[in-house]
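Asker: Put chains B and C on the given structure of chain A with help from the hints.
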Amino acid sequence: MFPINCWYVAAYAHEVTNDAPYPCQVADNKIILYRDENNQVVAMADRCCHRLAPLSLGRIEGSDIRCMYHGIKFGSDGACVAVPGQKHVPKSFCIQTFAVEERHQWVWVWIGDRNHPDLSLLPDVQGQDPEIYGIQKDAIDYNANYQLLNDNLCDLSHVAFVHENTLGANAGKDDWALSKPDIENLPRGLRFTRWFSNQSAGKGFDAGDQRFDMWIKSEYLIPGILLMNSHIYPTGVAAQFDFGEPQGIKPLSSVWNTQAVTPKDEKTMRYFYCLGIPHNEPTYGLHGNFDIMNVAFSEDKRMIEAQQKVIEENPTARLATTSHDKAIVYFRKLIQKASL
Amino acid sequence: MFPINCWYVAAYAHEVTNDAPYPCQVADNKIILYRDENNQVVAMADRCCHRLAPLSLGRIEGSDIRCMYHGIKFGSDGACVAVPGQKHVPKSFCIQTFAVEERHQWVWVWIGDRNHPDLSLLPDVQGQDPEIYGIQKDAIDYNANYQLLNDNLCDLSHVAFVHENTLGANAGKDDWALSKPDIENLPRGLRFTRWFSNQSAGKGFDAGDQRFDMWIKSEYLIPGILLMNSHIYPTGVAAQFDFGEPQGIKPLSSVWNTQAVTPKDEKTMRYFYCLGIPHNEPTYGLHGNFDIMNVAFSEDKRMIEAQQKVIEENPTARLATTSHDKAIVYFRKLIQKASL
Amino acid sequence: MFPINCWYVAAYAHEVTNDAPYPCQVADNKIILYRDENNQVVAMADRCCHRLAPLSLGRIEGSDIRCMYHGIKFGSDGACVAVPGQKHVPKSFCIQTFAVEERHQWVWVWIGDRNHPDLSLLPDVQGQDPEIYGIQKDAIDYNANYQLLNDNLCDLSHVAFVHENTLGANAGKDDWALSKPDIENLPRGLRFTRWFSNQSAGKGFDAGDQRFDMWIKSEYLIPGILLMNSHIYPTGVAAQFDFGEPQGIKPLSSVWNTQAVTPKDEKTMRYFYCLGIPHNEPTYGLHGNFDIMNVAFSEDKRMIEAQQKVIEENPTARLATTSHDKAIVYFRKLIQKASL
Chain A
1 MFPINCWYVA AYAHEVTNDA PYPCQVADNK IILYRDENNQ VVAMADRCCH RLAPLSLGRI
61 EGSDIRCMYH GIKFGSDGAC VAVPGQKHVP KSFCIQTFAV EERHQWVWVW IGDRNHPDLS
121 LLPDVQGQDP EIYGIQKDAI DYNANYQLLN DNLCDLSHVA FVHENTLGAN AGKDDWALSK
181 PDIENLPRGL RFTRWFSNQS AGKGFDAGDQ RFDMWIKSEY LIPGILLMNS HIYPTGVAAQ
241 FDFGEPQGIK PLSSVWNTQA VTPKDEKTMR YFYCLGIPHN EPTYGLHGNF DIMNVAFSED
301 KRMIEAQQKV IEENPTARLA TTSHDKAIVY FRKLIQKASL
Chain B
1001 MFPINCWYVA AYAHEVTNDA PYPCQVADNK IILYRDENNQ VVAMADRCCH RLAPLSLGRI
1061 EGSDIRCMYH GIKFGSDGAC VAVPGQKHVP KSFCIQTFAV EERHQWVWVW IGDRNHPDLS
1121 LLPDVQGQDP EIYGIQKDAI DYNANYQLLN DNLCDLSHVA FVHENTLGAN AGKDDWALSK
1181 PDIENLPRGL RFTRWFSNQS AGKGFDAGDQ RFDMWIKSEY LIPGILLMNS HIYPTGVAAQ
1241 FDFGEPQGIK PLSSVWNTQA VTPKDEKTMR YFYCLGIPHN EPTYGLHGNF DIMNVAFSED
1301 KRMIEAQQKV IEENPTARLA TTSHDKAIVY FRKLIQKASL
Chain C
2001 MFPINCWYVA AYAHEVTNDA PYPCQVADNK IILYRDENNQ VVAMADRCCH RLAPLSLGRI
2061 EGSDIRCMYH GIKFGSDGAC VAVPGQKHVP KSFCIQTFAV EERHQWVWVW IGDRNHPDLS
2121 LLPDVQGQDP EIYGIQKDAI DYNANYQLLN DNLCDLSHVA FVHENTLGAN AGKDDWALSK
2181 PDIENLPRGL RFTRWFSNQS AGKGFDAGDQ RFDMWIKSEY LIPGILLMNS HIYPTGVAAQ
2241 FDFGEPQGIK PLSSVWNTQA VTPKDEKTMR YFYCLGIPHN EPTYGLHGNF DIMNVAFSED
2301 KRMIEAQQKV IEENPTARLA TTSHDKAIVY FRKLIQKASL
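Protein chains in written order, with our numbering: chain A, 1 to 340; chain B, 1001 to 1340; chain C, 2001 to 2340.
Chain A on its own, in the form it takes in the complex (with noise of 0.2 Å):
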């Protein structure tokens, strides 16, 4: 079950070239990405119309892509232009493509009704641009149905417990699960609002004793993006406030953590993960963050696909709900209509 007319992340820009094919895959479909002649992405079906060889071992010719088992040649439409040793070129011959976007560093595309890509569906992904962050990005990948993943990250009281060393090892760590954000219902997902007051600011952020407020605003989006904007304010702003979203108050420091999952199908995935940091303020250690966060996404990883194994062995238990699961429920339901 997979939302469709979605955009998906397929991979960073920068693993898209014109020296070679980049194969990922994208809710079940096996694509190839690759540049053209004028650096525009191409997206297209990983198979070779004639006898199923994968165009991911072909060859970028200019802004074409040549089968290497036989050596047919398909345009950047993929219409086929080229079949050695015959001068008819059959318009049956052609590749399946892909609405693609490139933006914020990544590149996207869009599984549904080709002719109808809704640019206004993409994610506006702030906190990925160069110019005005300094990013620091990977991925990994998961054996485990994107779904757990996109649990995961609507329902952050497990940074209480499957981070209580990392993510978690702050002074206030249980306030994740003790606590709860506000939740606001979106048309394609949800909004997350919360105070973490008087807080040291965890081994991530490496501040020393120092204590904040911290302000986090979150959107989580089909098929699976989180935006997150951290700000670290002066303890007492938050009681300023009244607890509610801060007004006119320049934070002293503030972090993206934009991340996107991406399933390749029902029972894998691949998680990219940002980091994006102000290239003009004070960042209170908060570069050292990154290789937290790599550790912290094993322990997630690790919990995730051992919870995919469980699930897989009783395919027919109950699920029990917690007050926390409200946005999980939600959210799933939301991927559940997109997939009809």
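No wet-lab data here; the hints were simulated from the structure. A virtual CB, placed ideally from N, CA and C, is assigned to each residue, including glycine.
Cut-off 25 Å, straight-line C-alpha distance, at most; resulting in silico cross-link-like pairs (SDA-like, lysine to any residue):
1. A:Lys73 x C:Ala2317
2. A:Lys301 x B:Lys1073
3. B:Lys1217 x B:Asp1291
4. A:Lys30 x A:Asp77
5. B:Lys1087 x A:Arg318
6. A:Lys87 x C:Thr2321
7. C:Lys2091 x B:Asn1314
8. C:Lys2326 x C:Gln2308
9. B:Lys1030 x A:Glu266
10. B:Lys1137 x B:Arg1035
11. B:Lys1180 x B:Ile1292
12. C:Lys2301 x C:Ala2320
13. B:Lys1264 x B:Leu1190
14. A:Lys91 x C:Ser2179
15. B:Lys1087 x A:Ile183
To give a feel for the contact side, a few chain A residues facing chain B, derived at Cβ under 8 Å:
16. Asp151
17. His158
18. Phe161
19. Val162
20. Met303
21. Gln307
22. Leu319
23. Ser323
Simulated coverage check for chain A against chain B, where a stretch passes if three residues somewhere in it have a Cβ under 8 Å from a Cβ of chain B:
24. 177-187
25. 310-317
Answerer: Same frame as chain A, now just chains B and C:
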């Protein structure tokens, strides 16, 4: 097909602690074992009722276990005692527990009617009490159906072939195949008795040129428990008792082989095996036996895992039966009957 | 789908000895090969009729094979000759045997009607007789359906692309794709003939700047036997014979490529390939060819195993057909017809 209302060996007692849950699998059940604050063993399904995260990644807190995904905590009776972030603890939040018994250095789990574990069905495993016996023990995992190993242990004629250079490498090894034990059918297994007369003690026994008569008496019980007691006598004793059970005569030495075959699922199992040598008897090199056993049991594993593959590849193949298979046939019927 | 009443290459003759059974797999049949006391090859199903233990773990005793699980012994005709521990040897105890023929350094197994192996269907594999030819040989295993490799060998247009840096790295490599051989349909295969004129001999031939005309004549026979004979002539000979078969003129050098594709099951196969160079002819560096072949055949394997995966992922995908596929289509029809 697994016997129900039956005790299975799930672990060695020393493997189960209060530090971390010990994961194991018994007859399709993934289980964790741990010790509560009173040192009592707890056996519980290895999945949280909330989102099916495995409790084997959880944390023991006193007598309780906490799922380390979202922090839900359960008592040793499986009932939920805390849900972080909410006061209400639903009664429906609970984990399946299993009756469990620690005896003779093994942890036994009851698979069947949870409310009526029958201790009278627990095999009396002599030979594993360290006060009386010097114990050596180990376990190996098999990729094969457990009944193939039961077959193996119910028909020791294979010793002459599978173990021709190890357990069978004594003067009269062919006797294992050329003669047969006396077999008595029991309600839950079989009893085997036999003499080997005028034999060298075999590689494992390292007793030089000395020759002995050996009386072996063993039981093989559901689901796959071997209790084998071997007694060594001077040559002539077998004939003295007309090759029947020796009465009123002390053996030169005795040794216990105790083994347990535990199915994990239909295609995998765990095989526990122990050697018990009395502290205050001449050993005739019996202490060397365990190294030979380790080699011999890898010989069985090689043969049985290969047999498993052939069986899987030939699901409709019929088996032939020799005169050695009498015990196998009876034991398989017991397994089948107990599995209904 | 495998041709029946057909000879398959199961092994190289030197791989089959009297020391230990040689396990192989042909068209879904797990088979052991060994030599009896008269050096005749025996082919037998690799499973004991008793408990399905594999005979490949057995022991050769003279002309017999003993299953080393419980010691049951079978003659080279598959009939049981001994059951340890009982006098009666049931007639029903027997192992399926296969007609087998050792010829041209290959061991051929007949899959089909056991009682009517047809030696007239055994391909005449010239070029593998060590008295006449210097032989180099090897084999590789594929994770792919064997018909994909048959396809590959029936349409050598791929040489220009898959092997552009190895077998195709000669002056006129594109000829492989731009021109076509003459094709003659045979009752059990195809005959291909073609000229390459005014070509350098290619990397594999290591003949410097010299140019040649090359006449290639090959047959491709069920189930996947390639008999390819390449003849090198001075330039001009092709034109002299109007690009037809050369008559009454001795080539400068000739080489045999003989290959056999043996399906193990529907998803795996073994690929045998030999190079035969006449002892008493100038070689023009032909002896260097085998190293190139090894590299080239790993290029095929990479492409074909990738193709297999795409096919498995797209079970309903249709294939397109080019003018090069004529031989493939015909040969697949032969395979289908022979498999009924």
